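Chemist: So the chains spell out like this:
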Amino acid sequence: MNKYIFYPGCSMEGSARAYYDSLKVIEGPLGLELEEVNDWNCCGATEYLSINLIPAYSLIARNLALAAQQNTETKTVMAPCSACYLNLEKADYYMAERPALGEKVNEALAAGGLHYTPGSLEIRHLVDVIINDIGLETVKAKVVRPLTGLRIAPYLGCMVPRPDYQKRWSDHEHPSELDDLMKALGAEVIDFPLKTACCGGHMTQIGPETAYELIRRLVSGAEEFKADIMVTVCPMCQMNLDAYQSETNRYFGTNFHMPIVFFTQLMAVAFGINPKEAGFGLELTSAKDALAHIGLEAPTPAAAPHKKAEGLPMPKALPKKYGGE
Amino acid sequence: MSDKPKFAMYWAASCGGCEISVLNIGEKILDVDANFDIAFWPVAMDAKYHDVEALEDGAILLTLWNGGIRTDENEHLAHLLRRKSKILVAFGSCATEGCVPGLANLSPVSEIFDVAFHTVSTDNPNNIHPVASFEVPEGTLTLPTLRPVLKTLAQVVDVDYYMPGCPPEPHQIAAVIDLVIQVLQGKAQLPPKGSYIGCGASTVCDECPRERNVKHITAFKRIQDVAPLDPNLCILEQGVPCNGPATRSGCNSRCPRVGAQCIGCYGPAEGVLDYGARLITAFASVVDAKEPAEIDAILDGIPDPTGQFYRFNLADSLLRASTKAWKR
Amino acid sequence: MSDKPEKPRVGVYVCHCGSNISGVVDVEGVRDWAQEHLAKDGVVISRDYKFMCSSLGQELIEKDIKELGLERVVVAACSPHLHEKTFRTASERAGLNPYLTELVSIREQVSWVHTDKAVATEKSKSLVAGTVERVVYNTALEKLKVPINPNTLVVGGGIAGIQAALEIANGGFHVYLVEREPSIGGHMAQFDKTFPTLDCSACILTPRMVEAGYHPNITLLTWSEVMSVSGYVGNFNVTIKKKARFVNEELCTGCGICVEKCPQQVVDEIYEAGIGHRKVVYTPFAQAVPKYPVIDAPNCTFFKNGKCKACEKFCPTNAIDFAQQDEYLNVEVGNIILATGYDLFDARRVTNYGYGRLPDVFTSLEFERMCNASGPTNGEITLRDGKTKPKTVGVIHCVGSRDKNFNNYCSSICCMQSLKFAHLVKERTGADVYEFYIDMRTPMKSYDEFYQRVLDEGTLFVRGKVAEVTNAARAEHEKGKLIIQVEDTLIGKQRRIPVDMVVLSIGMEPRADSKQTGQLFGISCSADGWYLERHPKLDPVSTMTEGVFIAGCASGPKDIPASVSQGAAAAARVLDKILQKEVELEPIRASVNEAKCSGCRICNNLCPFNAISFIDDLAITRINPALCQGCGTCVAACPAGAINGTGFSNEQIFAQIDGILTLAPARSAGVGL
Amino acid sequence: MSEKFEPVIVGFTCNWCSYRAADAAGTARIKYEPNVRLIRLMCSGRLDPTFVMKALAGGADGVLITGCHPGDCHYIEQNYKALRRFMLLRRTLKGFGVEPERIKLVWASAAEGMKLAHEIDAFVDEVRKLGPLNWPKWENESNPAEVLEVTA
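Chains as they are written, first to last, in the numbering used here: chain A, 1 to 325; chain B, 1 to 328; chain C, 1 to 673; chain D, 1 to 152.
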């Protein structure tokens with residue numbers, strides 16, 4: 001069993017309900033044991049740090065202080081949401097990097113009888129935990145309904161691979177972790193060039209036109225490369241592309257229909273769980289016809305004939321750190 | 001007064017073992033008696049300092065001085081016997097290089113007194129502390145005082161010959177006495193002034209019966225931890241720090257021959273400036289490791305390098321004493 | 001300590017070196033101080049002069065030696081590495097053994113590095129005192145003359161190695177030319193055209209290869225590697241491993257039928273840079289020298305599962321020999337030239353340029369192979385599908401060079417190579433060409449004229465470091481294209497330029513195994529990994545190790561003319577050593593006083609040159625003067641003090657330590673009681 | 001005594017890398033503390049611990065030993081022996097009450113003039129903080145009693 005201190009973050013119970021439901025149903029098969037940080041609070045998402053550093057870091061560090069004193073056997077905090085993961089990692093990193101900041105934050109925490117020594121916790125994202133601790137072989141073993149025939153555009157977002165303080169990810173612009181995880185489910189994964197491009201973040205609130213352009217690029221990119229569905233690891237990316245896709249269509253006069261769901265939802269379906277329990281139906285841009293490609297009962301389509309490779313051979317890829325194929 | 005030449009021995013800062021080793025020459029002591037008139041030998045006969053002062057200068061032909069110079073009394077006697085003797089021989093390791101008494105140069109005199117009189121080594125219920133002079137009804141009593149560092153004989157007076165060894169081997173003493181007797185009978189020449197007599201020109205390995213190969217030291221161990229010690233193989237190669245390679249020959253490799261590592265009592269080889277430095281470089285050169293961490297692990301096998309390399313030669317080394325002894 | 005021998009007559013000469021020394025050090029003060037205070041150490045005359053290294057300065061010394069009967073000379077001037085030879089030869093002319101003259105560096109180690117005049121003068125005085133006390137113990141020495149073996153070993157069959165081998169062979173001396181690949185030719189054999197002349201690379205290279213291949217004085221050892229080197233200048237002993245070719249060279253005529261009939265094809269990672277294929281039994285290219293093919297055993301069906309043997313069946317002279325074993329040759333040579341060449345930067349490390357992910361991104365070497373008529377596309381410039389002709393091509397400079405994330409240095413040839421590509425694309429496809437550069441570096445003869453010509457042909461130049469090559473289109477016209485995102489610094493705007501094909505001008509890197517090879521030949525590498533020259537400006541082809549020379553890109557990126565001239569230069573250095581018939585070895589040697597040696601054998605494994613040997617029956621150790629390099633490690637190690645060394649004897653160093661400390665500031669002596 | 005203690009440091013360099021590094025610092029006119037007086041040996045392997053002890057006993061306050069980086073030695077591997085001797089020497093000197101920081105070993109290649117200059121400055125500073133060593137000049141005292149005051 002892999003045990004972690006679990007920091008859900010506010011969106012898991014709100015706009016990213018599907019992420020939470022699908023995670024809950026795959027915990028068992030993956031052997032994940034999650035113990036929630038008791039009395040955790042909001043992580044400040046992408047806005048608070050840019051408004052006022054000390055209260056923002058204190059807000060985040062409170063969660064770290066609580067987690068550090070929680071007497072579970074593990075010292076690893078796991079956050080499924082990219083913004084929570086990055087904020088927790090930033091707080092831990094900068095409290096050590098700038099001792100003055102660390103002192104002021106601990107002064108604030110002292111008001112609540114709390115203290116956090118930077119470096120005493122390991123902060124990791126759900127994808128990193130699944131790939132490096134649980135391992136792709138275990139994931140493959142658990143797949144009962146391979147997603148063959150489903151073309152996925154893996155969209156990791158910008159906060160997970162950058163700035164990557166602890167150098168955990170294979171590359172800062174074209175990481176392959178999410179691609180390999182989806183391939184492990186049997187799906188066909190396109191080489192999506194914008195996999196770490198920005199989704200607009202909170203620009204949908206402050207400057208919608210910019211956000212619409214960024215969303216258009218992502219959705220049109222996925223469509224151009226004939227993806228059936230996009231998959232992400234971050235509630236903010238999911239919400240921006242899902243909720244604002246109709247707005248973008250209206251703004252540009254296009255009619256994209258590119259569903260975007262959480263990678264855990266596809267893992268659930270691949271593990272044999274019915275789409276409803278995996279949180280499907282909660283998305284705004286319906287993933288119904290995307291699922292039709294792998295209709296639960298639909299016979300798996302005949303395998304495409306193997307094309308004789310001609311043209312010039314591609315150079316061999318660099319060996320990966322974690323053994324993805 | 002017989003016309004035989006006078007012979008003297010004096011015992012300064014040492015254990016007296018050299019005096020006993022003179023007796024070890026067996027019947028040869030009779031030759032000494034036959035050829036010499038013992039003028040002054042405090043351990044063997046009752047001659048007083050004023051007897052020596054009464055002699056004119058150079059009256060004693062041969063003086064064998066053993067022991068380092070630690071007190072002002074030793075210093076006084078050294079100058080006195082130098083004046084009174086034709087040939088003054090630094091007899092044994094203490095006189096030649098300070099030997100074990102010289103190891104006291106690692107600590108200040110105050111510490112020596114403390115340990116000697118106020119710790120478990122002495123039963124001193126009323127906590128008496130010795131003083132240089134003390135008034136009693138009969139008059140003033142004085143005791144010799146300690147110099148801050150022990151000096152070898154040659155560091156105080158001019159020395160004619162040196163006989164290393166702790167103690168010098170009886171067969172070497174006998175050989176020297178024979179030589180002096182032959183010189184008296186005009187049958188031999190005295191060696192050049194300042195030379196080392198009663199010893200060899202090479203080092204202990206020259207006389208050691210054990211087989212020697214190329215050295216690859218992967219660990220230093222105490223001899224009792226190497227059980228069983230191979231009787232035929234060089235002791236150093238078995239990881240036991242043997243000072244033989246840097247120690248002057250002459251003792252016929254007495255200790256390694258019987259399975260004990262040489263600890264260096266015959267002192268440095270001919271012309272060597274600092275005995276300990278020779279061992280530092282020799283041992284370090286054959287340690288078989290390249291990474292600092294590995295090297296440290298191997299060197300930890302010699303917990304007290306200063307003691308290991310300067311057990312006998314501290315007072316005659318380049319540095320002679322530790323800063324604790326002389327620096328305030 | 002035996003007291004000092006009766007004082008020899010010493011002359012001290014303090015140099016002004018123009019104002020280099022006298023600007024900071026009070027030269028007259030040092031001169032007078034030496035006259036007074038060092039008289040007790042034998043100083044009979046102390047002079048100063050503006051330029052001691054000038055002929056007048058040297059004559060001062062020579063006159064004093066003759067007239068005052070000087071027996072030692074101490075010159076306080078610059079570094080011994082500069083003028084020790086000058087002053088020692090001057091003394092020799094006046095009849096004094098050269099090794100009785102010593103140089104004190106009061107320029108590089110005092111005047112140039114300190115500012116406080118008084119302290120610098122005091123330091124100079126103590127350095128002079130140290131050397132004067134030391135020179136008393138110098139002894140007259142004679143150089144050791146050792147015969148030179150006239151054979152030479154050249155490692156690396158690229159253009160630099162071939163040039164060196166030919167120069168020496170034409171000079172009438174024998175050369176062993178060792179090459180790791182099946183054929184000589186190196187990187188140059190892979191290029192199509194060469195800049196700036198657009199000569200066809202094979203046309204100008206092959207004649208040299210053939211000349212080397214059939215030269216009576218050159219033994220060609222291809223498909224071979226040097227395994228070990230021992231000995232010293234004039235007398236190296238080298239072991240070479242000749243890998244099994246599985247082809248009998250006596251019988252093979254080079255007809256190529258075996259290559260034709262071989263059914264197994266693999267990607268050729270080396271010669272075709274991974275963009276073409278070759279058979280399992282192969283010669284790298286048509287003009288290969290020697291012409292004998294090799295069997296790539298790991299990929300050969302016979303070696304894998306015992307079947308096939310097509311090549312053996314069809315060989316007219318049954319030259320195929322599957323049982324052939326590796327051979328080990330031992331050769332004796334006097335000098336070694338390392339012309340081991342370079343590796344190319346791995347473009348996959350720059351993930352944002354997409355090489356390895358985006359099919360139509362090529363490296364410069366892949367592009368060279370495409371342009372080459374004998375290449376995989378027979379000279380046609382196509383995209384990765386091997387068919388479509390590009391309409392727009394982007395060439396990116398400085399990939400992996402001048403970049404603090406990868407290599408700081410400039411690889412010197414990529415600009416010209418990129419211009420050549422632009423010309424070739426224009427000439428063969430008429431496509432539009434964009435060049436993305438930081439600075440256009442075209443320094444050598446008629447290089448810039450070539451740049452002007454490419455400009456005139458309409459190539460479009462964008463000055464800026466490319467940020468990204470992506471296939472994520474943002475607009476209709478970008479779909480299906482590679483978009484180059486770059487800041488055009490001349491117009492101060494971000495630009496997105498859609499192209500069909502991208503060529504990455506990748507930089508040069510030292511060979512991956514350059515450190516190990518360097519240690520094999522006893523030479524060191526710079527921090528980047530290039531071989532270290534003895535002097536970067538004045539001695540670029542020799543190394544710190546006597547008798548080992550370097551040529552070509554092994555010591556750093558350079559173009560073909562520079563590599564060729566370095567090959568010839570290294571050959572010239574070797575020829576002048578061979579013609580001297582013998583080499584003079586510095587007389588700095590160690591020797592064992594056999595009376596004192598107890599045979600403890602502590603020194604026996606301290607000598608990497610095997611100069612120390614144990615004589616069993618006498619149970620003592622001896623040092624072979626010819627093999628001893630004079631490092632002195634055994635002198636310092638001998639526990640009995642039985643080993644001493646000329647030139648750096650214990651007495652000399654002890655005296656120098658005493659002398660150097662004479663002017664230790666007089667602090668309260670001894671004990672602070 | 002001048003208000004600022006100026007230590008005297010004897011330096012032993014090898015002829016190939018570290019002496020050339022000192023030359024390189026010279027040609028590049030890099031300024032560094034003048035307290036180190038260099039003695040050139042053929043190799044760091046030539047360094048005999050006796051030299052260090054003689055320098056300390058002769059009035060030096062610190063000893064600097066320089067050599068080529070491991071693997072770069074002109075004589076292949078002799079700097080490893082220098083490293084081992086240095087480590088055993090420092091341990092032995094501790095017994096003499098000599099602070100190990102008074103002896104320093106620095107690897108410098110021929111191109112590292114700047115690095116050697118910085119190492120020298122740092123070392124001079126360190127020795128300056130340790131203060132003078134002031135080893136007694138044993139051999140040239142006229143009368144031992146006068147120099148070493150009698151203590152009870």
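Simulated from the structure, these hints should not be mistaken for lab results.
Only a predicted model underlies this, so the values are computations on that prediction, with no experimental measurement involved.
Even glycine gets a Cβ: it sits at the ideal position worked out from N, Cα and C.
Treat the hints with care, since some could be wrong.
As the list claims (entries may be wrong) - Computed list of chain C residues with no C-beta within reach of chain A, every gap over 12 angstroms:
1) K143
2) N248
3) Y355
To be verified - To spell it out: a stretch of chain B is covered by chain D in this simulated footprint if at least three of its residues, at any positions, have a beta carbon under 8 angstroms from a beta carbon of chain D; those stretches are:
4) 209 to 219
5) 303 to 309
Chemist: Each hint needs a verdict: does it hold in this structure or not?
Modeler: Here's how the hints hold up against the structure:
1. No beta-carbon of chain A comes within 12 angstroms of the beta-carbon of K143 (chain C); the shortest separation is about 55 angstroms.
2. Annotated as non-interface, N248 (chain C) keeps its C-beta farther than 12 angstroms from every C-beta of chain A; the closest such distance is 33 angstroms.
3. For Y355 (chain C), the requirement that its beta carbon stay farther than 12 angstroms from each beta carbon of chain A is not met, with the minimum near 7 angstroms.
4. Judged by the Cβ-Cβ criterion of 8 angstroms, the segment 209 to 219 of chain B is not covered by chain D as claimed, because only 0 of its residues qualify and three are needed.
5. Look at the segment 303 to 309 of chain B against chain D: 5 of its residues bring a Cβ nearer than 8 angstroms to a Cβ of that chain, three or more, so the hint holds.
When the structure is compared with the earlier hints, violations turn up for hints 3 and 4 and for no others.
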